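Protein chains: 4
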Amino acid sequence: MSFNTFGHVFRFTTWGESHGPAIGCTVDGVPPGLPLDEAYIQQFLDKRKPGQSKFTTQRKEPDLVKILSGVFEGKTTGTPIQLMIENVDQRSKDYGNIAETYRPGHADITYDTKYGFRDYRGGGRSSARETASRVAAGAIARLIIGDTITIRGAMVQMGPTKVNRDDFNWETVHKNPFFCPSAVTAESWEKELTEIRKAGSSIGAVIEIVAEGVPAGIGAPLYRKLDSDLACAMMTINAVKGVEIGVGMEAALLTGEENADEMTPDANGNPVYLSNKAGGVLGGIATGQPVVCRFSVKPTSSILTPKKSITRSGDATEVMTKGRHDPCVGIRAVPVGEAMMAIVLADQILMHKAQCG
Amino acid sequence: MSFNTFGHVFRFTTWGESHGPAIGCTVDGVPPGLPLDEAYIQQFLDKRKPGQSKFTTQRKEPDLVKILSGVFEGKTTGTPIQLMIENVDQRSKDYGNIAETYRPGHADITYDTKYGFRDYRGGGRSSARETASRVAAGAIARLIIGDTITIRGAMVQMGPTKVNRDDFNWETVHKNPFFCPSAVTAESWEKELTEIRKAGSSIGAVIEIVAEGVPAGIGAPLYRKLDSDLACAMMTINAVKGVEIGVGMEAALLTGEENADEMTPDANGNPVYLSNKAGGVLGGIATGQPVVCRFSVKPTSSILTPKKSITRSGDATEVMTKGRHDPCVGIRAVPVGEAMMAIVLADQILMHKAQCG
Amino acid sequence: MSFNTFGHVFRFTTWGESHGPAIGCTVDGVPPGLPLDEAYIQQFLDKRKPGQSKFTTQRKEPDLVKILSGVFEGKTTGTPIQLMIENVDQRSKDYGNIAETYRPGHADITYDTKYGFRDYRGGGRSSARETASRVAAGAIARLIIGDTITIRGAMVQMGPTKVNRDDFNWETVHKNPFFCPSAVTAESWEKELTEIRKAGSSIGAVIEIVAEGVPAGIGAPLYRKLDSDLACAMMTINAVKGVEIGVGMEAALLTGEENADEMTPDANGNPVYLSNKAGGVLGGIATGQPVVCRFSVKPTSSILTPKKSITRSGDATEVMTKGRHDPCVGIRAVPVGEAMMAIVLADQILMHKAQCG
Amino acid sequence: MSFNTFGHVFRFTTWGESHGPAIGCTVDGVPPGLPLDEAYIQQFLDKRKPGQSKFTTQRKEPDLVKILSGVFEGKTTGTPIQLMIENVDQRSKDYGNIAETYRPGHADITYDTKYGFRDYRGGGRSSARETASRVAAGAIARLIIGDTITIRGAMVQMGPTKVNRDDFNWETVHKNPFFCPSAVTAESWEKELTEIRKAGSSIGAVIEIVAEGVPAGIGAPLYRKLDSDLACAMMTINAVKGVEIGVGMEAALLTGEENADEMTPDANGNPVYLSNKAGGVLGGIATGQPVVCRFSVKPTSSILTPKKSITRSGDATEVMTKGRHDPCVGIRAVPVGEAMMAIVLADQILMHKAQCG
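Chains as they are written, first to last, in the working numbering: chain L, -8 to 348; chain V, -8 to 348; chain G, -8 to 348; chain A, -8 to 348.
Hints may contain errors.
The list treats identical chains as one, so a pair stands whether inside a single copy or across any two.
[Said to hold, decoys possible] Mimicking EDC-like on lysine to aspartate or glutamate, the simulated pairs with C-alpha atoms at most 20 Å apart in a straight line are:
| # | residue 1 | residue 2 |
| --- | --- | --- |
| 1 | Lys51 | Asp37 |
| 2 | Lys313 | Glu91 |
| 3 | Lys40 | Asp80 |
| 4 | Lys344 | Asp103 |
| 5 | Lys66 | Glu91 |
| 6 | Lys153 | Glu241 |
| 7 | Lys299 | Asp103 |
Hints were generated in silico from the structure; no laboratory data involved. Here the structure is a predicted model, which is why all the values come from computation and not from measurement.
The shape of chain L in the complex, shown without the other chains (with noise of 0.2 Å):
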């Protein structure tokens, strides 16, 4: 009944507040021998780092990776990975303000009236800092499920503006600051965001993560099933407000010969499928498909316009957020959005090995 693990086999538990010490994780569950060091982690952190563009919030956090435990002479040894990253940018200012109002759609609120009181510097436990922990996991995962399936990620909407799916190249994904796979639409939301970003407003996004590769028989039904398990890491981001398998939410538009993924059979008698509307999993499990999964980001609360809002004792008050943000946090969920996805995977096919290996 842990509040703070994820997964079944492969699994990780973060710790850590915004501007405490350090923030972390325990990976446990993974499978002895595979070659891993400090340097392979961080490439992933590095990718997930604020203050890359002007689009992220400015705070300074080099985000370098220690291993602690479970690694010996550059493997795994199959005993648990504790990760610890040091906070480094706790900017020391007055959280007067911050610590007795709270921010209109914040967790400040909720923190506080489960709690009783909260940690409220920089958000304390529920910053969207505690997901370097999950690309930190993230990365050991990719080396579970190895090099036969990719996964990429990338923002597909940021505000009305979706992607146009004619210029999608997942190799333009990392030639501009947005994850964007299409070089038109990255420019378009270039102006859109600094007209934002210079407002002090923020904005909503739609991620997109495909993984190629799954092999088929991965997932499980009926409570563990590799969309509903999807379906919960990705909700489990902060400011994710939907989550989407294949043709998600437009499932209802369609009928049932168009919903139909037809199958002809290869060489060997395999499946091909002829459409992929399932987002490669029927009844929990894997088809053989890209799992393609989508989910939405809400805009920061963090803005600069004063919002109606109430004192912890209770008297009307407007709160308004200075200082560095994220006008557009979708941005950074892409990397964080892999890596639930790798995660998911990689505890997927160590269940599938207890049970069917």
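Since chain L is already given, all that's left is putting chains V, G and A on it; use the hints.
Then chains V, G and A, alone, in the frame of chain L:
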């Protein structure tokens, strides 16, 4: 690591196949002393029962529940409650064809791939018949959450036709065969679905489940969030392809200003929210506002139009499904969604008591 | 956090009360394709069945098991297996006295304290009748561990009389009503227990369970040790008060020299152990030697001698228990201990496959 | 299915190797608002710390604990508490020999078999050093169980010499280096263990842990019994080979009359027990009497006498262990046993609140 269990303190484990002797579930963690008998559970099962209109499958199942344990002198004892529903209408027929071919868009092929073979009779374990167990468990969950929380569900979209929100009335839900909250929309659906049924086709839908009276503070960061539990729960329901909380996928469209649910204090200094974009959850914890969850249901794969497929032995074939079927399985997903909402809330309430009670 | 589930990959959840309509269990995580039918399970249940000699309770229960799910065409499907055993001999009688008083040394009072009331009929959920479900689950566990592992149990002490080790013979176990491995000792027990039974008294025992052929490497540090899983498993059996692995409590007596199980290499360089003080487990992981587990079983609290007690309303009283009872419940604990050994090994084998397979 | 986590609501996950940079644990499920700082935990660690007398290993470890998360302004926040203890005295030496041979009676060989290789430095993960994390977690558990429950441990047997029960005094425990409750026995142990230490030998022991004030009703049938949780907990401690509750293995000797703990009502009608054969647990649920648990600890395998063994490459060899070691590891198991008792009780108390609170 159970594949067939949902929940942590309130836990239920389902078992049974569509055409085996019975289906059922074990419900564990139920507090002692709650009044419970079969008649109470039966009323919820009756709502989900097939064959109640021409728009659901014509399989005749009385779905009579038996309590085999955990209740003594009309009260729960704190020990596991075993619920059994015997299968009655296992129409004897030749399954030969179904056994050897895969229906496009159905879990036939993935079960076979995962396990090496499958119980093909009526879908076996992948049949929506399993959801009867959820409805029974949900009835018990409602005893835990009590009368101050109300859970209501409705079908709010069928194909392209959305419910007219101006005409939304919870009272209307039980006055038409669609659980439709709008009399106007229900009338139009009646025509549309009659056409679809006659054509041997099927159509998707969107279901909305709303829980009112959920106490603020229920839920938990970070991997037991109220919304990630709901996303997981709903995505485990057969045919669901997307889950939304509050604004859902449309969070992408909003600015921070639009998304911020402003608050003013009431006479006691408690927050009165001026909107509910969050759908009642912030940081994974309930705000006290209505918890709003929507999910899409794909059209059933059992249709009369022949579709390309392959046989178990890898030959090309065409498949069409004769006989009883659900032209819109979304209809019967409404009581199932309500049950899953009740189950998630019961579990979260008990978990909250454990740590913060 | 289930109170009624044991195991992690191989998991079983028991349900049912002594005098309810039925008892049973759900077995989850079973690999697909294993041959299984009711007759196979029945042979293990028959071994535990009451009323087979004058030395066990005279309750007449055929203990016929029904498989309600998870098996198709004679093979496990990978989905949960539901086993049900109907209660037949629920002798109708006046429970009034038992309902209002607590038997000294019995769980009557603690169930009442915990839950506020209890199902007092025949001990309800605390009855040893529940162990029939374990034996049924254990039969399935044996399919997973396979023929290369043999599990055998024996009663090795009854009261002060220990089995003569010089006369120890596994073949003898099934030739007397005590599962006693020594013909000499069995003869002496026959006399002793006849006296005890006539006196309406009862006596304690020690059971030994030995698993041979357990593969080296099974088990896991640190909180899923093979020996801690066994200790937990055996201590969940009714009336067990102590559990030992290898030398057990007598480890206290040994020096490091005496305790060291020396090794020499065989022709292939594999270890040949010269002793087995460890009982087949080092650091929680199997060495490949026989896994040896012993546990003590206290005498049943149902005796004819009046003992001081209190009533539910807090008055002083005396309690004696008439009617059928077990003069040495240790006897029927032998097949239960074997089943729990099989269950722990099956679970550990599947867990090992998950991480190291 | 974590291999490194113990507990259900109160959960802790340990990590770290004997000679890595640090060890530690994550404690989850802790209620918010409890006062906690490093100095409080340190006092328990100091009790377990090595090198406090000539009778424990001479490794010099300050065992200073750092709290990295979960505490804010001196109080627990309800989020996971990360505790880290840096390893200081990792004596640099040539491990070549240990790396290539297996100590008889040590987990060297089983780790190697399970994982394919191992961190051989000081025993790696199998080192008793891991128990420092348990003691730290136990300190937090004590905050949950509160002042009305007292937990005390003592070494009650060393080799063949048992504590003189007539001379038993809890006050004496902290006045000798053995946690011995009898001054007379302590004196005799001083001589015996001095001899053993000089001879480079080692000896086993029995530890007794008693919890007084445990509320009746704590604990749960059937697979979360208070006594099965204790048996599991104690058997996870390094070198433990047997666990007893109440009369323990001697239950075998008793008749039903002897075993029955009679009751009389007090002035309020509550039970006053006339004996405690049960060790405070009936049917897995606490009676309110002292919970009495004993466990045996085998002698350490690090001894100066050469013993037959094999090398990794399968050659015959002899092994003796020079350098610092514990002549009676049972001594340092006392605070560890107390910690595990506190952890089990804290978990059971929170679980009870969840279902019956």
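Results for each hint:
Within a single copy, Lys51 and Asp37 get their C-alpha atoms as close as 12 Å, which meets the 20 Å cut-off; across copies the closest is 38 Å, which misses it. With identical chains, the CA atoms of Lys313 and Glu91 are at most 20 Å apart within one copy only, with a shortest distance of 16 Å there and 61 Å across copies. In this homomeric assembly, Lys40 and Asp80 come within 20 Å of each other (Cα to Cα) only inside a single copy, at 13 Å, whereas the closest approach across copies is 35 Å. For the homomeric pair Lys344 and Asp103, the shortest alpha-carbon distance between copies (16 Å) is at most 20 Å, but the shortest distance inside one copy (42 Å) is not.
Taking identical chains as interchangeable, the C-alpha atoms of Lys66 and Glu91 lie at most 20 Å apart only when they sit on different chains, with a minimum of 18 Å there against 48 Å within one chain. Taking the shortest Cα distances, Lys153 and Glu241 sit within 20 Å of each other both inside one copy (16 Å) and across copies (12 Å). With identical chains, the CA atoms of Lys299 and Asp103 are at most 20 Å apart within one copy only, with a shortest distance of 18 Å there and 52 Å across copies.
Of the numbered hints stated above, none is contradicted by the structure.
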